[in-house]
Each structure stands twice: as C-alpha cells, then as structure tokens.
Amino acid sequence: MATGTAVDVVMPQMGVSVSEGTITKWLKQEGEAIEPDEALLEISTDKVDTEVPSPAGGVVQKIMAQEGETVPVGTKIAVIAPEGEAGEAPAEAPPEPATAEAAEEAEKASGAEGETPTEAEAEEAPPAPPQAEPESDGDGRREGKFVSPVVARIASEHGVDVSQVEGTGRGGRVTKKDILKFIESGAPARETAPAAPPEAPEAPAKPTEPARAAAPAGAGETVEPMSAMRKGIAEHMRRSLDTAAHVTTTFEVDLSKVVAIREGLKREYEQRHGVKLTYLAFIARATVDAIGKWPWMNAELRGDSIVVKNYVNLGVAVALEGGKGLIVPVIKNAEDLNLLGMARAIQDVADRARSKKLVPDDVQGGTFTITNPGGYGAIHGTPIISQPQVGILDVEAMVKRPVVIEDEAGKDAIAIRPMMNLCLAYDHRLVDGAYAAQFMRDVKTNLQSWDEAAY
Amino acid sequence: MEPAYLLNLGRTPYLEAWELQRSLAAAVSQGAIPDTVVLLEHPPVVTLGRRTDKQEVHVPEDAEVDVVETDRGGKSTYHGPGQLVCYPILDLNRHGRDVKKYCRDLEEAVIQTLAPFELEATRIDGLTGVWLKGTPPTPPHALSGATPPPRKICSIGVHISRWVTTHGYALNVDLDPAPFTQWITACGLEDAAFTTMASELGRPLSVDEVRLHAATALEHVFQITFSELPAGEGAGLWEQPLHAELATRR
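Protein chains in written order, with this note's numbering: chain L, 726 to 1180; chain C, 90 to 339.
Hints may contain errors.
Under the rule of at most 30 Å between Cα atoms (straight-line distance), these lysine-lysine pairs were calculated in the DSS-like manner [as the list claims (entries may be wrong)]:
1) Lys1001/L to Lys1125/L
2) Lys753/L to Lys143/C
3) Lys787/L to Lys143/C
4) Lys982/L to Lys1136/L
5) Lys189/C to Lys143/C
6) Lys222/C to Lys189/C
7) Lys956/L to Lys189/C
8) Lys982/L to Lys1001/L
9) Lys750/L to Lys143/C
10) Lys190/C to Lys801/L
11) Lys753/L to Lys189/C
12) Lys1169/L to Lys1125/L
13) Lys189/C to Lys750/L
14) Lys750/L to Lys190/C
15) Lys801/L to Lys189/C
16) Lys1001/L to Lys1018/L
17) Lys956/L to Lys190/C
Read the hints as simulated data drawn from the structure, not as lab findings.
Make the full structure from the sequences, and use the hints.
Here is the structure:
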C-alpha cells in the first residue's frame, strides 16, 4: 500500500465568525502512535469544546502549539508522520533547490502552507477537522511540492517533469488541470502564480425541505409517515446511486476448505478465547488480505483526486430486526487482524451495537463494507455502496450444491459442495471490471485455498 | 421541519446520562436516528469543564455532592434537582457548522423558554449563557432600591465531535443557587449572581412545568419536530428490538 508523507494538522474552522481556537488538551503526545480519524486534540471556542480527529495515521511527530495557546484558524499545530518515519526530520524544508526558480516556488509553497487559512472545500464539505492533503497518500512531496498520483501518472505518461509545471493548487501544488494545461500548451509557459487562495465560503446550510404533505390513503391502503431513520437511509442510498457508477460482479466460491477448518477451530475458539468463529470472519479476513493487493478497492474519489487509504476500516452492516434499518459499525485497522482477531472484532462490534456501547468512533471512517444478507438465504444481491467508499461486498448464503469437479484421476465427477456467492458492487468511476474481477479472484483464492499458517 | 426525538428523563445520575449522550451521539452521527434532545434533572453534582481552574472548586468536605470531570467546554458548574438540564444531540451539519451560532441558538431557545413565564432574558456579549437584567419583582433587590447586577439563570457548555453536539444547557428553575458561589466559582465568574425562575417569579415552580416550553422553544429555534421516546428504556437504545421499534414510530 502507499506509504504516506507527513501530514500537517491545522487549527480547524469552527464557524463563520470564528477566527481562532484555543488548544485545551492534546490527547496524544509527541511520539505516540495515532490512527486516522482518532481524536488528536481538543480545542475550545466560546463554551464549546471540540475534538479534532487526526487527518492521517502514523505517529505524532511534532506538536507546534501548547495547551492553553490560542492560534488563528489555519495555523499548523502538529505534524503526523507515517509510521516508521517518526524519527526523520519533518518534511518541512524542501530539498536544496537546483535553480533560483525552484527556490522561489518552494518558498511560495512553504509560505502558503504555514500561514494561509485552510482552504475549506466548499462542496464536498469535509467539516472543520483538518483534512489530509487529498493527495498525501500518493507520491508525496517532490522538490517541495505535493504531487498527486493522478498528476504523477499523467506526467509520466507524457514524459513531463512535474517540477516544471506551475501549480495553482494550495501551496503551489500542481493540480490535474495545471498539468493538462501544461501539456496542451506544449511549452513550459510560466504564469504568474495567483495570490494566496481566497478563503472558500462556508458551504451554505442545506435549505430546510418543506414538509411534504402526507399522502392520502386509498381504499385498502394504510399510510404511515416515514421514520426519520428511514428518511436518512433513503437519502443516503439515493445519493450513492446518483454519485457512484454501480456495477455488480458475482463470484461463486467453494467453501469446503473453510468449512473443514472452521469445524476444527470452532471449539478451541469458543473455549480458549470465548469467540464465536463465523464464516463472516473468514470472508472478512480474505477480503482485507485481497484489498492489500488491490488498493483502489479501498480508495475514495475526492474531487479530481484518488485517495488511497493505507489502512482498512472494515464496515460490517448490522441489520435491525424487522428490516427497520441498519447500522454499520466499523472495525478499525482490520489489516492488522488475523482470523482470531477478526472473529473477535466482529463479535465485539456486534455486541456493542446491541448493548448501547457504540461511540461515534465506532461508526465512522469506514473504507470498505461487508454486508451479510446470506444469513437469510439470499443467493444474489446488488448492494449499494456506502459513500464515499468504492466497494461493498455482499455475502450470500452458503448452499450445498452439486458441482462438477475433477477427481484424483482427472475425471469429471459430480460432488456436493458448500457453495457461496460473493457479490461485489464497485464504483466504475474508479475501478474497472478487470480490476474488480481480479480482486474478487484473490478473495476467492484466499478462501478456497485457505492457508491456516498465513492467517 | 426535520423530525427529531425527545427523551424526557427524570432524575438521572450524571455519568449515566453522559453515557447515554455518547451512545445517542454515535447514532445521530451515523444518521441512524435523527437529532435527539434529552431533558432531565441531575442529583447534586459539580462538573468540571476542560478549562476549569483548580481554585474554582472549593466544595466543603461534608457536602453531599459528586465531582465529575467532563469533556464539555466552559468551566465548572453545579447541577442539582430543580434545574432543567437539556442535552441536545444535534448533527450541526444540518444546523450550520458554526460553534458560535450554535451557542447563540441555545441561548435563543432558553430566552424563548422563559418568555411564556414573562421573564425577559438577555445575552451578555462575551459571557455565554442567559441572563436576567433589571429589577426582579421580589426582594431582596426590590427593597434596597439599587439596580441589581445581571443575574445568570442558565449556563451553557458544549462538546462537539464530528459536528455532533453533546452537553448543552442547565436552566435554574427552582433550587438554592448557593452551591454556585459557595462550592465553586461557577463558570469562573468571580462576582456573578445566580438566580432561578422561582426566585424571579416569587413562587415555587416545578421542572415539569418548564419542560414543554423548553421543547417547544428548541423545535422553533432548530426547526425540528419532536416525537417523544419512551424514557424507561432510554439508556438501552441500542438493544435492537427496541431500536427497531423506535424506527417504526412516527
């Protein structure tokens, strides 16, 4: 997966007329590890304390404002370094520039970064908590500039040296538009860089929808108003279909080996670890493993950027009884979990969902979702992606079916096998059919040739 | 008008209510339930905000009161029976992502709650909360003839995570305001006077008489319509059958 670069944390914008914030408490200290979206500090404005989540995972490399300090919105207050790079110097100072031009550029870049207010994204509206540089998961800084994966790809395709392109993005960053323009112009036409980006206006508050009149009941009909939860789900599902280019692909998987292994481990898990070993745990483990090889399944489209996460926060959809709604608790850093850990984590979130113990952190920041209608006997589905994720895996019922296999002698035979369909819905805007199919092939292979030692 | 849930609870221990708030905030944050407002009373408790100075707290050793450190904004305060505590769990993504506006909105809701009692409350710039100015209709100030200082009737303290609010306001309905000054230097305000609706009106008043007005004011200010949840199972909201039942309501 992509290794990140150091990510700055800035004082977030907490309101139109809020120009500064006071740091009340650092919840993490320098040198401590932090997960993406984990609360990093608390800030105070007026009589309101707000948790500021970390824009990235890694290690708190540097804290640049102390508790009690009041700093203007947009001020850099901390640096999060990717894990394993904590000891290195922060990537603040760009490498020695080769030319005077580059020096000027680099200066512009670092100046803009330290001082200008954060560029609030007016549409996508990630709220005040500091946003990681959308491209920070990609190639990172080159010559003091951020280069997004998209730009890097376009540059390499056209043999363009990115450092020659004038960036108009934040901190002098080269945007996709910049590089395309550069290529079109066919010459390194230097334009004057614009002044500091204007502060984007706050996203306008959503106009309150006028209350819809209740539909009149016809003969033989009963009418009840939609619950608020139903409305919320309706809105999200509709928006997802309007956003993503949904495609579903179905794979059938022979679970013979998983069934056998589960039979062997079930008791031990229950007695020694107090954990119920479900098929879902196997599938989750196999999926997370395959995501490692197909990182775009775990990405997000943010504007024109492809943001790849180097962690897997696995959402597990839990249906409410009677089809009245659903909640999706998230297993954080699922890539760290072996089969036992995964089984335990699934049990944990399910238990906590039922015993009021879920906290906001438990339902936020999912990067890929698994849903499990197979428990009710479904054998095929076309699920809707949970935005802004790129994929959702539908786990269907395991059914004993006659299948044609090859026996030891290489002859065709009919056998009874526990078969399961796995249906993946993916966003074709980012993921192409071949990519999705290869991802699913690997999930299937992981399950059919389950390697106990590896998991 | 967006639909919202209202939970009317009785006297609820502070920590229990805090846990409920966090659980509700999780659900609101994910859109599993709409904005939810909890109205309740607390047994006597002194709570410390993130910005509480040690000198503010001088609770006598024999006082029967818990002291709890919280994650809300502001300084120390006191809660006790006779005070209406309001915890709006709102997703500010729906109400303008602005912490200052939210504080002003809460103040507005309290001002509108007091209006039906003919109590004219105001804001004071830079001192979040709701205040009464002018001469109260009853002693002691009426006797002395002097213009009394502004009196605080409602304190505000809020916590936000992912733009979902917890904590809220505490409106003094009918209680002895002595703890605000004797036990703590409430809100870090050295010479502030604290008052109650009852002492301003010169008659006893129950928290229940105020609940409905508080709810109506919140509906008006935040453009929401409440449907009330059964309070008994409030803390067990995550038990799925109940949750499903809640989802079928309205």
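Okay, the hints, checked on the actual structure:
1. Lys1001/L to Lys1125/L: This hinted pair holds, its Cα atoms lying about 22 Å apart.
2. Lys753/L to Lys143/C: Distance of about 23 Å is within 30 Å: holds.
3. Lys787/L to Lys143/C: With Cα atoms ~29 Å apart, Lys787/L and Lys143/C stay inside 30 Å; holds.
4. Lys982/L to Lys1136/L: Distance ~21 Å between Lys982/L and Lys1136/L Cα, so the pair holds.
5. Lys189/C to Lys143/C: holds, 26 Å
6. Lys222/C to Lys189/C: Within the cut-off at roughly 23 Å; holds.
7. Lys956/L to Lys189/C: holds, 29 Å
8. Lys982/L to Lys1001/L: Holds, at about 18 Å.
9. Lys750/L to Lys143/C: holds, 16 Å
10. Lys190/C to Lys801/L: holds, 25 Å
11. Lys753/L to Lys189/C: holds, 26 Å
12. Lys1169/L to Lys1125/L: Holds: Lys1169/L and Lys1125/L sit about 17 Å apart, inside 30 Å.
13. Lys189/C to Lys750/L: Holds: Lys189/C and Lys750/L sit about 20 Å apart, inside 30 Å.
14. Lys750/L to Lys190/C: Holds, at roughly 23 Å.
15. Lys801/L to Lys189/C: holds, 22 Å
16. Lys1001/L to Lys1018/L: Since the Cα atoms of Lys1001/L and Lys1018/L sit roughly 28 Å apart, the hinted pair holds (cutoff 30 Å).
17. Lys956/L to Lys190/C: holds, 26 Å
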